[in-house]
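> Sequence:
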Amino acid sequence: LRSKIYLNTLTPSASASSKLELANGAAHLFFLVLSSHRCRIDEEVTHKAWLNRSNILFTGTDKWSLDKRVTLVNSNNSDFSIHISKVQVTDEGPYTCTFQAYNKPRITHVYLIVQVPARIVNISKDVSVNEGENVNLFCLAVGRPEPTHPSADPLGDIQFLDITEIKRQQGEDYECITNNGVAPPDKRKVKVTVNYPPMITDVKNMPAQLGKTAILRCEAMAVPTASFEWYRDDHRPVENDNTLRIKNEKTRSLLLFTNVTDKHFGNYTCFASNRLGASNASMLLFRKLSHTHDPYIFPLSFPPLLPLLSPYLSIICPSVSSFPPNLLLPSLGHTKPLPVLDQPRKIGP
Numbered sequence: 024l025r026s027k028i029y030l031n032t033l034t035p036s037a038s039a040s041s042k043l044e045l046a047n048g049a050a051h052l053f054f055l056v057l058s059s060h061r062c063r064i065d066e067e068v069t070h071k072a073w074l075n076r077s078n079i080l081f082t083g084t085d086k087w088s089l090d091k092r093v094t095l096v097n098s099n100n101s102d103f104s105i106h107i108s109k110v111q112v113t114d115e116g117p118y119t120c121t122f123q124a125y126n127k128p129r130i131t132h133v134y135l136i137v138q139v140p141a142r143i144v145n146i147s148k149d150v151s152v153n154e155g156e157n158v159n160l161f162c163l164a165v166g167r168p169e170p171t172h173p174s175a176d177p178l179g180d181i182q183f184l185d186i187t188e189i190k191r192q193q194g195e196d197y198e199c200i201t202n203n204g205v206a207p208p209d210k211r212k213v214k215v216t217v218n219y220p221p222m223i224t225d226v227k228n229m230p231a232q233l234g235k236t237a238i239l240r241c242e243a244m245a246v247p248t249a250s251f252e253w254y255r256d257d258h259r260p261v262e263n264d265n266t267l268r269i270k271n272e273k274t275r276s277l278l279l280f281t282n283v284t285d286k287h288f289g290n291y292t293c294f295a296s297n298r299l300g301a302s303n304a305s306m307l308l309f310r311k312l313s314h315t316h317d318p319y320i321f322p323l324s325f326p327p328l329l330p331l332l333s334p335y336l337s338i339i340c341p342s343v344s345s346f347p348p349n350l351l352l353p354s355l356g357h358t359k360p361l362p363v364l365d366q367p368r369k370i371g372p
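Every letter in the sequence shown is one number past the one before it in my numbering, and letter 328, counting from 1, is 351.
Errors might be hidden in some of the hints.
Cβ-Cβ distance ranges computed for the label pairs, FRET-style [unchecked claim]:
#, residue 1, residue 2, range
1, Asp185, Val165, 19 to 27 Å
2, Ser305, Gly155, 23 to 31 Å
3, Ser250, Arg142, 37 to 45 Å
4, His70, Gly204, 38 to 46 Å
In case anyone wonders, no lab produced these hints; they're calculated from the structure. From the three backbone atoms N, C-alpha and C, an ideal C-beta is built for every residue, glycine too.
Using the sequences and the hints, build the whole thing.
Here's what the structure looks like:
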């Protein structure tokens with residue numbers, strides 16, 4: 024009679040003619056007396072023995088094995104069992120219970136299969152590369168039965184992950200997962216950092232009123248994080264004073280005006296840099312007129328032939344104050360306004 028027993032560190036299983044129990048990490052092999060299909064141990068048994076392959080473990084109560092992990096549990100008229108503690112992979116193989124009964128030898132075979140949970144034994148270290156370079160990751164797992172191919176998210180189930188000309192969007196954690204059904208999957212992560220030069224993404228011209236506060240913003244995406252500098256239109260570096268403060272955050276720099284004066288209006292350039300390169304962008308802080316400002320008339324010009332087309336011309340010009348207050352107008356000089364004509368007036372001789 025031959026059967027197979029699968030040793031699992033979680034859940035043991037057994038055939039009808041042999042049994043495997045797990046207690047404190049030890050495997051017990053029992054020979055059972057159940058039916059005529061099995062060898063019966065009774066009072067007439069004269070000799071009995073346990074063997075592993077051709078190695079004798081026990082003959083009756085006499086121990087032949089030198090392995091201290093193998094012990095005899097029972098040796099009576101109905102039960103002849105051995106105990107193997109701290110089961111190892113090398114314990115896998117055939118075990119034979121043999122005895123002499125009614126002048127006829129009886130033999131039962133048990134095959135012990137040792138299962139080992141899948142685990143990751145080697146994996147790539149965290150890597151830092153420049154955008155456009157190639158990346159090679161690996162993940163090595165062992166176990167019994169042989170683990171399924173480790174997987175590296177987000178690109179699929181493979182042991183080796185090759186990324187050609189890596190993009191900045193691919194800088195993330197890659198997880199290797201291995202499993203063989205014996206225990207919960209084993210997981211390990213590799214962090215891939217993609218370095219790239221700054222790219223300024225948020226630049227806007229901003230209106231400001233005298234005596235009020237204002238903010239110019241400059242945001243730049245970069246790895247490593249960018250350093251920021253500010254310059255005026257004449258290329259002078261912008262420095263902190265009692266009306267102006269520079270505030271640098273992780274991905275952006277703010278130019279904070281606490282009390283806007285005439286000297287603050289003009290063009291500002293944001294310069295973002297790291298060890299891979301630099302980027303710059305300009306923005307304008309311009310004066311915002313209040314809608315309560317004195318009305319002015321748009322300067323107008325007329326084509327020289329316009330008087331020839333009609334001897335009379337009425338000019339109706341709306342004042343600045345009649346426009347919505349949120350309308351940004353071109354620069355208006357304090358020009359003497361043109362008269363608003365209530366009646367047609369003849370132009371020319």
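> For every hint, state whether the structure bears it out.
Hints, one by one, checked against the model:
1. Asp185 <-> Val165: 19 to 27 Å: At 22 Å between Cβs, range holds.
2. Ser305 <-> Gly155: 23 to 31 Å: This hint holds: roughly 28 Å between Cβ atoms.
3. Ser250 <-> Arg142: 37 to 45 Å: Since the Cβ atoms of serine 250 and arginine 142 sit about 44 Å apart, the hinted range of 37 to 45 Å holds.
4. His70 <-> Gly204: 38 to 46 Å: Given a distance of about 41 Å, which is inside 38 to 46 Å, the answer is holds.
No hint from the list above goes unmet by this structure.
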